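Trainee: Protein chains in written order, with the numbering used here: chain C, 6 to 306; chain S, 246 to 493.
If you're looking for bench data, these hints aren't it; they were derived computationally from the structure. Small disclaimer: the values here were computed from a predicted structure and weren't measured. Incorrect hints may have been included.
Stated by the list, open to error - Interface residues of chain S toward chain C, partial, derived using beta-carbon atoms under 8 Å:
1. Arg259
2. Ser325
3. Val333
Unchecked claim - With a Cα cut of at most 20 Å, we get these calculated EDC-like pairs of lysine to aspartate or glutamate:
4. S/Lys405 / C/Asp134
5. S/Lys280 / S/Asp369
6. S/Lys405 / C/Glu96
Just so you know, even glycine gets a beta-carbon here, dropped at the ideal spot from N, CA and C.
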Amino acid sequence: MTSAPALDISGLTVRYGETVAVDGLDLTVPAGQTVALLGPNGAGKSTTVNAVLGLLRPDAGRIQVLGRTPLDAIRAGSVGAMLQHGGLPSEARVGEVIDLVRRSFPTAWPLDDLVATAGIEGLLARPVDALSGGQRQRVLLALALAGEPPLLLLDEPTSAMDVEGRRAFWTTMRGLAGRGHTVVFATHHLEEADAVADRVVVVAGGRVVADGSAAQLKAGGATRRISFTAGPGQDLDALPAVRSSSRQGSTVTLTTADAEATLRALLADGTPLPDLEVRGASLEDAVLTLTSSATTIGARS
Amino acid sequence: MNPLFAFQLRRVARNRQYLVFTVVLPALFTIFFTKIFGGMASGPGEYQRQAALYMVSMMAYGGLGAALGATIRISFDRASGWLRQLRVTPVPQTQVLAVDVAVGALLTLPSLVVVALVGRFVNDVQLGLGQWLALVGVLWAGAITFVALGILLGLALDEKAAGGAMGFVGVVLATLGGLWAPVEVFPDSLRTLAHAMPSYWYAELGRDVAAGAVPSGTAVVVLAGFTAAFALLAVAVARHRPLHAVAG
Numbered sequence: 006m007t008s009a010p011a012l013d014i015s016g017l018t019v020r021y022g023e024t025v026a027v028d029g030l031d032l033t034v035p036a037g038q039t040v041a042l043l044g045p046n047g048a049g050k051s052t053t054v055n056a057v058l059g060l061l062r063p064d065a066g067r068i069q070v071l072g073r074t075p076l077d078a079i080r081a082g083s084v085g086a087m088l089q090h091g092g093l094p095s096e097a098r099v100g101e102v103i104d105l106v107r108r109s110f111p112t113a114w115p116l117d118d119l120v121a122t123a124g125i126e127g128l129l130a131r132p133v134d135a136l137s138g139g140q141r142q143r144v145l146l147a148l149a150l151a152g153e154p155p156l157l158l159l160d161e162p163t164s165a166m167d168v169e170g171r172r173a174f175w176t177t178m179r180g181l182a183g184r185g186h187t188v189v190f191a192t193h194h195l196e197e198a199d200a201v202a203d204r205v206v207v208v209a210g211g212r213v214v215a216d217g218s219a220a221q222l223k224a225g226g227a228t229r230r231i232s233f234t235a236g237p238g239q240d241l242d243a244l245p246a247v248r249s250s251s252r253q254g255s256t257v258t259l260t261t262a263d264a265e266a267t268l269r270a271l272l273a274d275g276t277p278l279p280d281l282e283v284r285g286a287s288l289e290d291a292v293l294t295l296t297s298s299a300t301t302i303g304a305r306s
Numbered sequence: 246m247n248p249l250f251a252f253q254l255r256r257v258a259r260n261r262q263y264l265v266f267t268v269v270l271p272a273l274f275t276i277f278f279t280k281i282f283g284g285m286a287s288g289p290g291e292y293q294r295q296a297a298l299y300m301v302s303m304m305a306y307g308g309l310g311a312a313l314g315a316t317i318r319i320s321f322d323r324a325s326g327w328l329r330q331l332r333v334t335p336v337p338q339t340q341v342l343a344v345d346v347a348v349g350a351l352l353t354l355p356s357l358v359v360v361a362l363v364g365r366f367v368n369d370v371q372l373g374l375g376q377w378l379a380l381v382g383v384l385w386a387g388a389i390t391f392v393a394l395g396i397l398l399g400l401a402l403d404e405k406a407a408g409g410a411m412g413f414v415g416v417v418l419a420t421l422g423g424l425w426a427p428v429e430v431f432p433d434s435l436r437t438l439a440h441a442m443p444s445y446w447y448a449e450l451g452r453d454v455a456a457g458a459v460p461s462g463t464a465v466v467v468l469a470g471f472t473a474a475f476a477l478l479a480v481a482v483a484r485h486r487p488l489h490a491v492a493g
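Pulled out of the complex, with its shape left as it was, chain C reads as follows (with noise of 0.2 Å):
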């Protein structure tokens, strides 16, 4: 079909006022790929969302969806939407709001299969007004699926689920991508991105701090942590391959990318290291290492 990419975002700046909420943040989708935008609040996943939407202006750079400007997508019903805070109308029916947004779409997806894809069997003749949060952001996603659209973008899609509803999304978000779906999710769990998304692309300070696979990044980042017990007044920074350290009373826990070489200087001064502990790093530490750095770039500047 097309070779345009789903989604190409090069140079997006957005300012609220003094604030720069995105800046000069560069990002290309291929048709097929399921991304998470991971970052912690305020990172500019949400902004980026909302300026490839078109529901706001950038005030600088240039994005296309699907070879199209925003706007022009979103009338040719290239795109559906989940967004953060997603609404729904009082005083209608769910399958009232599902019929009106399924007809404004070129081509509708099958409504059994729509019904069973987002998991709102039942939900149909209910009031809107009547839907728990779970069940408002299934609804949602209905809404983002009425049309079939080749690229998926879903702002928090999971944020007011609880832990069953959360597993369950993940696996219609994996059968989405499994259909041909290009699936563009904003997260700041952790745990959703590396259940989800083939790539991962960690947002910080407005920008794109990391871009990999679950995997990569994990491996890229922080790889161990050591602990150990220790006691005030040695000098852990100096230590080769450490790249931060924090101590929680007489417990020390470094993170480091090279263990081996950390424990050799720790090892070779003769300390005794009583509760020595040597661990992977989560995508967490991964990502936290990521984003502090970037926070005091950020800082700094």
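Assemble the complex: chain C is given as a structure, and chain S must be docked to it using the hints.
Mentor: Just chain S now, kept in the frame of chain C:
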């Protein structure tokens, strides 16, 4: 029928409060005021004059209340995020606005017709068939001023303020515009204020028709001016208030 139009119409029609305040209440007031003031009339001619006057005033009150009530609701859709959600569907924005105008305009009609029927069959107001049609017609057309005002308020006010404004603005416009008590009994300063109200000129359209005349040019020009001003302000407000949540 346009799917969005049908959808919006169904939503408002579900609201019983809306029907009570815009149809039942003006109809009851028409009977109430006519019983009081018509009962004091010196003769049948005077009764006809009073009964027609109150009927027109209550048609105007019902019409402007219905137009405002149907459109100020935009604020709720904005607060719930529904307007934003619609923005990310292929429904054109111009259609969303056009539907709000059309729904506001259409929902004005029931209150005009019901109050007119009450005037004719309960209060025995005597007008020619052409006059009846013209009366409903001019008040229906003139309601566009309040559709524009309602859209402006709906876009400008947050949810809570909008809820209050729905009842309050209609009552203030009715009171100051001389729909409860005619401006003839107002002191001079209040009468000047009444003449600055779109509601006064709106009812004036109906009073002219009920008196067998053509609506005055002044009333038409003033209402057109108010409509244009409200519409321009609404566009300005819509441009300056983004629909996205400023966070993240």
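Trainee: With a cut-off of 8 Å, does the beta carbon of S/Val333 approach a beta carbon of chain C closely enough for the hint to hold?
Mentor: For S/Val333, the interface hint holds, since the closest Cβ of chain C sits about 4 Å away, which is under 8 Å.
Trainee: Let me know if the C-beta of S/Arg259 comes in closer than 8 Å to any C-beta of chain C, holds or violated.
Mentor: holds (5 Å)
Trainee: Against the 20 Å threshold, does the CA-CA distance of S/Lys405 and C/Glu96 hold or violate the hint?
Mentor: holds (17 Å)
Trainee: Is the hint on S/Ser325 kept, meaning its closest Cβ partner in chain C is under 8 Å away?
Mentor: It holds, given that the least Cβ distance between S/Ser325 and chain C is near 4 Å, below 8 Å.
Trainee: Please work out if S/Lys405 and C/Asp134 have their alpha carbons no farther apart than 20 Å.
Mentor: Holds, at roughly 17 Å.
Trainee: Going straight from one Cα to the other, do S/Lys280 and S/Asp369 come out at no more than 20 Å?
Mentor: Distance ~12 Å between S/Lys280 and S/Asp369 Cα, so the pair holds.
Of the numbered hints listed earlier, not one is contradicted by the structure.
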